[in-house]
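If you read the sequences in order, they're chains Y and E.
1 is the number of the first residue of the first sequence in the numbering used here; add one for each residue after it.
1 is the number of the first residue of the second sequence in the numbering used here; add one for each residue after it.
Hints are not guaranteed to be accurate.
Using 20 Å as the maximum straight-line C-alpha spacing, the simulated SDA-like pairs for lysine to any residue come out as follows [as the list claims (entries may be wrong)]:
no. : chain 1 : residue 1 : chain 2 : residue 2
1   : E       : K413      : Y       : L251
2   : Y       : K215      : E       : R110
3   : Y       : K353      : E       : F98
4   : Y       : K265      : Y       : K215
5   : Y       : K265      : Y       : H328
6   : E       : K97       : Y       : N88
7   : Y       : K350      : E       : R110
8   : Y       : K345      : Y       : L251
9   : E       : K353      : Y       : S21
10  : Y       : K320      : Y       : Y332
No lab work stands behind these hints: they were computed from the structure.
Predicted model, so just to flag it, every value in this text is computed and none were measured.
Number of protein chains: 2
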Amino acid sequence: MELEVLCRNAKAAKYELNRLSTEKKNEALKKAAEYIKAAASDIIEANKKDLINADEKGMSPALKDRLKLDDKRIDGICEGLMQVADLNDPVGEVLEKFERPNGLKLEKVRVPLGVIGIIYESRPNVTADAFALTFKAGNVVILKGGSDAINSNKAITDVIRRALKDCGINEDAVSLIESTDRETTKAFMQMKEYVDVLIPRGSAGLIRSVVENSKIPVIETGAGNCHIFIDETADADMATEIIINAKTQRLGVCNTCESLVVHEKAMDRVMKKVAAALKEKNVDIRADEEARLSLDCNAATEEDFGTEYLDLIISVKTVKNIDEAIAHINKYSTHHSEAIITEDKANAEKFLKEVDSACVYVNASTRFTDGFEFGFGAEIGISTQMLHARGPMGLRELTSYKYRIQGNGQVRK
Amino acid sequence: MELEVLCRNAKAAKYELNRLSTEKKNEALKKAAEYIKAAASDIIEANKKDLINADEKGMSPALKDRLKLDDKRIDGICEGLMQVADLNDPVGEVLEKFERPNGLKLEKVRVPLGVIGIIYESRPNVTADAFALTFKAGNVVILKGGSDAINSNKAITDVIRRALKDCGINEDAVSLIESTDRETTKAFMQMKEYVDVLIPRGSAGLIRSVVENSKIPVIETGAGNCHIFIDETADADMATEIIINAKTQRLGVCNTCESLVVHEKAMDRVMKKVAAALKEKNVDIRADEEARLSLDCNAATEEDFGTEYLDLIISVKTVKNIDEAIAHINKYSTHHSEAIITEDKANAEKFLKEVDSACVYVNASTRFTDGFEFGFGAEIGISTQMLHARGPMGLRELTSYKYRIQGNGQVRK
C-alpha cells in the first residue's frame with residue numbers, strides 16, 4: 001500500500017482507539033495472543049523465509065539467532081501480550097484536580113499520544129510487543145521493521161489485525177510498512193500530518209538517522225555509554241560484584257557498564273581486585289596512563305572514553321576526586337545510567353545530584369535500568385533525551401494529557 | 001560572538017545552573033529587577049533606536065506599540081522578575097518514591113531541562129520574561145529575538161548578565177544571539193550538541209519554520225484555531241456572553257475563539273442572538289449555507305474553517321448532532337482550546353472525552369487557557385503538541401526528571 005494512504009488510515013483510526021474501553025482493549029490483546037498461538041506454524045514458516053534470506057546475505061550466527069522464531073519464542077510473544085492485558089490502563093488517570101477562585105474546575109487527565117511510529121531493526125518479537133504497549137495506552141501504531149525480518153513481521157501483523165477485526169476494532173490500529181528501503185523510511189519521517197510521535201528502537205546509527213531526518217517529534221532511545229565510579233571509600237567486594245554484573249551479565253544491551261572511573265586512592269585497594277575479576281571473564285581493560293601504573297592492561301585512547309562497546313571491553317579513567325569523576329562522566333556519558341560505589345553518604349548525594357543521567361545509582365548495578373526492573377510491567381525503550389520521558393518508558397510514558405475544565409458561564413475579565 | 005562559541009559557553013554553564021540553590025536564584029532575579037529599573041533610561045534609549053529603525057521600515061502603529069518600552073513597561077518587566085522569584089522552585093521536587101522487592105529505593109525527581117533556546121519575534125519584554133522562567137527552573141537560556149527589537153534585547157540582556165555576575169553566577173546563564181539574519185537562525189537550530197530544547201514563540205510561520213528545520217527537540221507552541229460548540233440545549237445568554245468574551249476580549253492571541261459550531265436546533269434560538277451581539281462588536285461572520293438560511297452574514301469557504309483569523313472575523317459551521325461537531329472540531333482545530341455550551345451532562349462529558357485538544361471546556365470561555373489563569377503563576381507558552389507538555393507551560397513544564405536509585409550492593413539476576 002502507498003505509504004501516505006497507510007498513514008492516513010492510521011490517523012483515521014486514532015479517535016476510535018482513543019475511546020476504546022479498557023475491557024475491549026484487553027479482549028483484543030488476549031485474542032491476539034490466542035490467534036498468534038494458533039498461527040504459530042504459519043509464522044514460523046514465514047520466519048524461515050527470513051532465515052533463508054539471512055543465510056544468503058551471510059548473516060552472523062548471533063544475528064540469526066535474534067531473528068529466529070520457534071514455538072518457545074512464539075509462546076513468549078503470546079505471554080507478553082497477556083501480560084500487557086493485565087497491566088493497568090493509563091488512559092483516563094486523573095493526574096491533578098484543582099479549582100480556581102472563579103469556580104472553574106480543572107482536571108489534568110492522561111490521554112493517548114495518538115499515532116505512534118516505531119522504527120526498529122531485526123528482532124520480530126518487537127512487532128507484537130510494540131503493538132501491545134502502544135495499543136494498551138490507546139494509541140494507533142505504525143510499524144517500520146527491518147528488511148531482515150519482513151516476512152515474520154508481516155505474518156505477525158496480519159494475525160494481530162485479524163484479531164482486532166474479530167473484536168470489532170478498526171484493524172488500522174496496527175499497520176506495517178512493507179517496503180523496507182531507505183527512501184520509504186525517510187518519507188515516513190516526513191508524515192507529520194498523520195503521525196504524532198516517532199520512537200526509533202535499535203542501533204545508535206538508526207537512532208541518529210531518525211533524530212536527524214524526522215519532522216515528526218522523536219523520543220530518542222537507546223545508546224548507553226554507562227559509567228561506574230569507584231570512590232575512595234568503595235567496598236572492594238561490592239565494587240567487584242557490581243562491576244562484573246554491570247559489564248558481563250549481558251553484553252549487547254544499553255544499560256551495560258562501558259567505563260570505570262576510579263578514585264586514585266581506590267586504585268590499588270579496589271580496582272586491582274576488580275581488574276582481576278574482569279580478566280577472569282576475558283574483559284579487555286583499556287586504561288589511562290595513571291591506572292596502568294597499577295594495572296597490567298591495554299592503553300585507552302581518547303576515543304575509548306566515548307565508546308559504547310557492547311562487547312568484552314571496558315575503559316578505565318583515573319581521577320583525583322569526585323568532582324573530576326562527575327565532570328568526566330557528564331562529558332562522555334550518553335546520559336543513560338551511571339553508578340557510584342561508595343561508603344561516603346555526602347559523595348553519594350553529590351553524585352545523585354550532579355550526574356546528568358536518566359538513572360543515577362548508589363551501590364547498585366546499572367543493569368537495573370529497565371521498565372520491568374523498575375516495576376512498570378512493560379518497556380518500549382529507555383529515553384535518553386530530556387523532553388517528555390527520561391529513562392525506562394512504560395505505558396504511562398506512551399500517553400500525553402489534556403485539561404478538562406468545567407464552568408458555569410465563566411468569562412475572562 | 002561566533003554562534004558555536006556562544007552555544008558552547010551556554011552548555012558549559014549548564015551544570016553550575018543545575019546546582020544553584022533556590023535562594024541564590026531568587027537573589028539573582030531580584031537583582032536583575034533592581035538593575036533593570038536602575039538602567040531604565042539606557043534601555044529606553046536603546047529601544048528608541050529600534051523605534052527609529054521601525055519607522056524607516058514603515059512598521060504599522062500596532063506593531064510599533066508592541067515594540068515600544070517606556071517607564072511603565074520597564075516597571076512591568078521588573079515586577080515580572082519579582083513575581084517569578086516568589087514562585088516555588090520546581091527543581092528537586094520528588095514526583096514519585098518507591099521501593100522494589102530487592103530493596104532498591106527509587107525516587108523520581110524534577111531536574112532542569114538544561115540549555116533552552118527561545119526563538120521569538122518583536123516584543124522586547126519576552127527577553128526578561130523568558131530569562132526569568134527558564135532560570136528559575138535551573139536552565140541556561142539562549143535567546144534569539146527578532147531584528148526589530150535587537151537594540152532593546154541587547155540592552156536588557158546586558159543588564160541581566162551584569163546582575164548575574166554581581167551575584168557570583170556564571171553570566172552565560174543567559175545569552176543573546178546578536179546576529180538576526182535567517183542563516184544564523186537556521187544554524188542555531190542545528191546546535192544539537194549544545195542545546196537541549198527549542199521553544200519558538202511567535203507567529204505560525206515562525207513556529208512552522210522551527211519545527212521543520214530544527215535538529216533540536218522542539219516544543220511547539222501557539223497556533224490556536226479555537227472552536228466553541230453551541231449544543232442543542234445551550235443557554236442563549238450564557239452562549240452569547242462566553243462567545244463575545246472568547247472572540248472579542250482580545251483579538252491577537254492564541255486562545256481567542258475563531259470558529260463556532262452550531263447544533264441545527266440551536267440556530268434560531270441561540271445563534272441568532274449570538275450573531276446579533278457579534279455584529280454589534282463589528283465581527284464579520286462567515287457561515288455555511290445552512291446557517292445562512294437563519295443568519296444574515298457572509299458565506300464561509302472551506303479555507304475559513306481552517307483559519308486562525310486573529311481578527312474581527314468568525315466562521316460558523318452547522319451540525320446535526322454532537323458527533324458531527326466533534327468530528328469537525330478534531331479535523332480543523334489546532335488542538336489548542338475548544339468549548340461546548342450545553343445544559344446536557346452526557347454531551348458535556350462526551351465533548352470533554354472526545355475532543356482532542358490541550359484544553360477542553362464546558363460552559364466557559366476559551367480565553368482561560370493561560371498559565372496565570374490556571375494558577376501556574378507564569379507562562380512560557382501554550383504547547384499544542386502531544387509530547388512533554390500540553391497546554392499552558394509554567395515552571396514545571398520547563399523541567400525534566402531523573403531517577404535516583406539507592407542500593408546496598410544489588411546486582412541483576
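Please flag the earlier hints that this structure goes against, numbers listed from lowest up. 2, 4 and 8
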